[in-house]
Structure formats: C-alpha cells, structure tokens
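Protein chains: 2
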Amino acid sequence: MAFAMHRFLASAIVLLATPSTASAADWAIAIHGGAGVIERADISAADDAAIRADLAKALDAGTAILKAGGSSTDAVVAAVAALEASPWFNAGVGAVFTSAGTIELDAAMMEGEGRRAGAVTGVKSTLSPIALARTLMDKGPHVFLAGPAADEYAREVGLSQVPNSHFMTERRRKQLNDLRMRNQGASLERPEVRMGTVGAVARDVKGTVAAGTSTGGLTGKSPGRVGDAPLVGAGTLADNRCGAISATGSGEIFIRTRVASQICDAARFGKVPLQKAADTTLAEVLALGGDGGVIVLGPSGDGLFSFNSAGMYRGRASAKGPREIKVYGDE
Amino acid sequence: MAFAMHRFLASAIVLLATPSTASAADWAIAIHGGAGVIERADISAADDAAIRADLAKALDAGTAILKAGGSSTDAVVAAVAALEASPWFNAGVGAVFTSAGTIELDAAMMEGEGRRAGAVTGVKSTLSPIALARTLMDKGPHVFLAGPAADEYAREVGLSQVPNSHFMTERRRKQLNDLRMRNQGASLERPEVRMGTVGAVARDVKGTVAAGTSTGGLTGKSPGRVGDAPLVGAGTLADNRCGAISATGSGEIFIRTRVASQICDAARFGKVPLQKAADTTLAEVLALGGDGGVIVLGPSGDGLFSFNSAGMYRGRASAKGPREIKVYGDE
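Same order as they appear, the protein sequences are chains A and B.
Each residue of the first sequence is one higher than the last, beginning at 165 in our numbering.
Each residue of the second sequence is one higher than the last, beginning at 165 in our numbering.
In short, the hints are calculated from the structure, not lab data.
Worth double-checking, as some hints may not be accurate.
When chains are identical, the list treats them as one kind, so a pair holds in a single copy or across two.
To be verified - Pairs of lysine-lysine residues, derived as DSBU-like cross-links and limited to a Cα-Cα distance of at most 35 Å, are as follows: (1) K303 <-> K338; (2) K303 <-> K288; (3) K435 <-> K370; (4) K490 <-> K288; (5) K370 <-> K490; (6) K440 <-> K370; (7) K490 <-> K435.
If you're wondering where the values come from, they're calculated on a predicted model, not measured in any experiment.
Let the sequences and hints guide you as you build the complete structure.
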C-alpha cells in the first residue's frame, strides 16, 4: 500500500491517501477524535499513550463488526460510541461545557445506500448521542430533533439516560473557567476550545458506506448552538455514489462551506479525486478563517485523512491495509 | 423573454426557466409560498385572489429594494417577512401547529458573496424568524441557534417579541385537530400537512445572490423537529458561484437529499444547467418518496421554479422580465 503525503505551504493540509484497490468484499474503517492544536510539547507521554489506546479501542470495536460481515452503520456506531465513552475526546464523557456550565451534545448518523439519516442537537441526558441518532435514522419519523425533544425521544425508545454531570470532567470545566477568566466568550478563532469532535466512516463487505459524528461543540458556546456535526452535508455525510465523510473543525465555517457536501459533490459531479476534493474544500475553510479536518472513505473503501490543523487524532484499518493510529501532523 | 415548460410524465416536474441574459447591473427576485396539493377545486376565487395579493405584496417589497440598488439580502428579508406576516402561508402568522398545539418556527438566511449564513429552529416568540436569521448572519458569533436560545438571542438584539398565540390561526388549528381525529400523527406522506413554507431568492445589481426560507414545518410535528428550511445546503443556499436556492417540500427527504447543495454543486462542478440540476434533484426526492419544489436564481439572475407537486405559490420579477404571480402547476 502506497501513501502519498502532501504538505502545502499555505494551508498545511496533510493528506494520507490509499489508492483505490478495494474489491466488493473489502471492508474499511477510519475514525477521528478531532483536529486542532495537537503538538508533542503539549501532550505527556502517558496521555499520548492513553489517547492512542482509546483510539485503538474504538477502531477495533468497528473493525470487529466489519470483519464479521456486519454493517457499516453498526461499525460506525460502535466506534463512535467507544470514543463518546472516552474522557479524552469532546463527545459524550469529556465533552466541553457551554457558557451556562452545562453540556449539550450533537450527533448525526447516515448510511449511504438508502441515504437514510438521523441527527440530534442539544442532547443533555442520553448516554450515547450517536446511538440516538442511529435510532432516529432507523425509526423516524423525523430525521433531526433538537433540545429536550431529542432526550425525550431517547427515553421513549429506551436508550440509557444519565445525569448531565455524567459527561463532565475537571479538565473541560477548567477550559470553560479559563475562557471566563479571559472574558472572551466563545471565540470561534480559538481552535483549542473545540478540539475533539469524534467521528467514524466505514464501508462494509456489501459495499455500503456509513458516517457518524458526535461532539460537545465549542467550549463556552451558547446553549442551543448547533454546529456542523449534526448537519447532513456539513459535518456528516454518507452516499454510496461518493463515499462517507465525517468532519471536525470550526463548526460555523464548516456549515457555511457545506464541507461534506462539497467534497462528495466535487467527486461525484466534477469527477475530482476525493483527495483533491477534500484538499480544495479545506482550503476554502481556511480562506474563510477556519480550520479542521475530515476523514473520507470512498465508495470502494479507499480512505483518507485531510486536515489543515497541527494534528488530528485518527486511525484506520481495512481488509488489505495496515491498522494505523496517529496523532500528530508529521506522523 | 422565452419560457420553456417541461412536464414530465413520471415526476410532473414543472419548470419555468428564463434564459441567461442578465448583465452585471440586473436585479432579479423570485419568491415561493410553498408547494403541494394546490388545485383549483380546493381554493375559492376569493381565497385565490387574497393569496395572489399577498404574494404580490411580498414580491413588490423585495423588488422595491432591488430597484433602488439595495442588497439581495435586504430584498429577501423584506419579501420573506411579508410572507411571514400573511396568514395564508406556513410561516410566521398562519404557521402549522406542532403535536403539542404550539407553533415552532424555523428560518435560514444566506448571502452568496461571503457565504455568510444565519439559521434558527424552534422559534416561539420572535415576530420575524427571517429577521432573526439575518441578524444572526450579520452579528454571530454562531450560525445556527435552536430552541429557547434563538428567542433569547432575538430579545438581546432587540427584535420584536410576541406571544406564541400571535402566530395561531383557526385554519391551522383545525388541520391539527383533523390529524388528531384521524389519529395519524405527523405522517410525512401527507403533503397537505406541510404546505406553505415560504422563501425568496434575489440577485442585486452588484451581482450578489441571497436566499431565505421560513416555515412552521409540518402539521403535528414533534416539538423540536428540525426540517430542511433552516439547514444550509438542504432548504436554503446562496453561493455566488452557483446561485441562490430556497426549497419547500418533504423536509426529512430534502435533508437526506441535500436538495440545495446538489442543485448548486451539479451546476458548479458538473457544469449541468441549473434547470436540469433542479429537475434531477427533485426526481431524486420523488424516488425517495418525497415531493415539493425549489426556486433557483442563477449567478447571472436567471430564475426558475421546479416542483413535482400539483402546484406551487410563486412569483418573480426582474430588471428585464415580466412580473409574474402564479399558483397552479398549469399556469
């Protein structure tokens, strides 16, 4: 397997692409735990190891399902739920705090064969927002629920409920307090306040792709703020005609840029390679003042990471490729 | 000015396209008041006249701004706000009821030069949701606010507040009661329960396009349900590289189909004429079991309506074209 690495001077996009060699029976999965200011000087060896271990646990949870012939949707939910349960990422346990000192979670799930989708925003008490998004995708009738209605729906369908404090960690509370001390509010320009959105993309042996994203959003965000993660075509997209995409970054700019849609559509309508489509779209994000990254899995299972931030927690595995876990931009 | 009308047997898409002849100084605007089961047998002559008069009022409000050299954003807000104030459409006054007997309003605004956007969902007390979306677009820091946070933001910036009952009409309450009598819940297959979303697209003399959409959603919807209208790339999109789009129809399916994004991107990346891009996308909506319509204004001011429902409340005007107000599919 050959990898091409491009680092552009202007945008510092790092791209790791696998050539398209997958057969119909190939499975593949890629995960991310957020992109941002991730540098060796800021992360101790012990933390680095713990983060990689939790990334591996999530990757392996999805991989086991795909290897056994399970669906890409099941694999994505398993991987994202594992990342939600880890305190290291900004989703589920360890999510960032709103300006009100609460935690409000967003998630979306989509599968690429029937282009079914489920999405939630403002979740406060449902243990796994990605499981909730998936249930909404399967059972409907609506695709997207906001606020208390999302948790109510979860209770009605029997999904585990927890107090909002279940998601809170001291590290994230300190981030909110630091922000308050500086009296800055939710500055969208500070990448460290929103690092850690999680996501997964997968392709199963039947050839169906799926994508899922889960996040606490932005430290100090206004309660009720909706980011790109739960928006089909912004932070999350699966369409067998172009692939599966999960994004992490400056949510407001990712919405305006329709990141996942532009990547999918440049490939599908413009016949642009997914790698170039992801590059170009993230360059557009950068031009509008944002940063972040995406994981993309093409219809034939070729996977790529693209980000214009210093690092991105990421991993991938496939029927034919190596199992990789990476953190820094230069890995 | 020549018009081409296509009526496809399978999808009954009606398309009215103006050839691209606009110069840099041309302005153009198109509006809609929803697509659905709109047939002569169901609408009295008096109601027909009243509906057309309110469409004309909205169209003229936007036109006056564009003629005076105003921005496409101002024109769209003026046109949509006029439709919100009319009891005939499912936005603002006259919006449909949720299953809880409340009214929850969604809106989005986007301008195509800087691709700035603002969106709200679950608005209960702000007189003009489109004005709120526009303020969010201008002032931020967030792009998208859900639930009580949206109304709180509106109060903070001084936008007019009204009791939720201000939006309620007997006609819509009866629609909810009829639905309850039939014990059907919010059946997404019943087009008449969601007719009347409003929207506008405009191009100003500087060549910037803008789009805005405002709606009460679906009769009997779950509180907290988010439809396509407030989602950038689903129900609303403006991008000077492809045009401005506002949609109305089966919200859940419009989200999954990313209607506005696909139309824009097929034109931009695939070099498909906007007319064909809109047709093809609405055919995809139909294939997934949905229906509805879009209004589209290309970068050079060429405007088109496309819908696969029996009728669509619509109007348009431009520097060079006629002023038109239409209701039925065969007009």
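Results for each hint:
Taking the shortest alpha-carbon separations for K303 and K338, only the inter-copy value of 28 Å comes in at or below 35 Å, while the best intra-copy value is 39 Å. Taking CA atoms no more than 35 Å apart as the test, K303 paired with K288 passes in both settings, with 21 Å inside one copy and 27 Å between copies. Taking CA atoms no more than 35 Å apart as the test, K435 paired with K370 passes in both settings, with 24 Å inside one copy and 32 Å between copies. With identical chains, the CA atoms of K490 and K288 are at most 35 Å apart within one copy only, with a shortest distance of 31 Å there and 46 Å across copies.
With identical chains, the CA atoms of K370 and K490 are at most 35 Å apart within one copy only, with a shortest distance of 28 Å there and 47 Å across copies. Both within a single protomer and between protomers do K440 and K370 lie at most 35 Å apart by alpha-carbon distance, with minima of 26 Å and 32 Å respectively. Taking CA atoms no more than 35 Å apart as the test, K490 paired with K435 passes inside one copy only; the shortest distance there is 29 Å, against 38 Å between copies.
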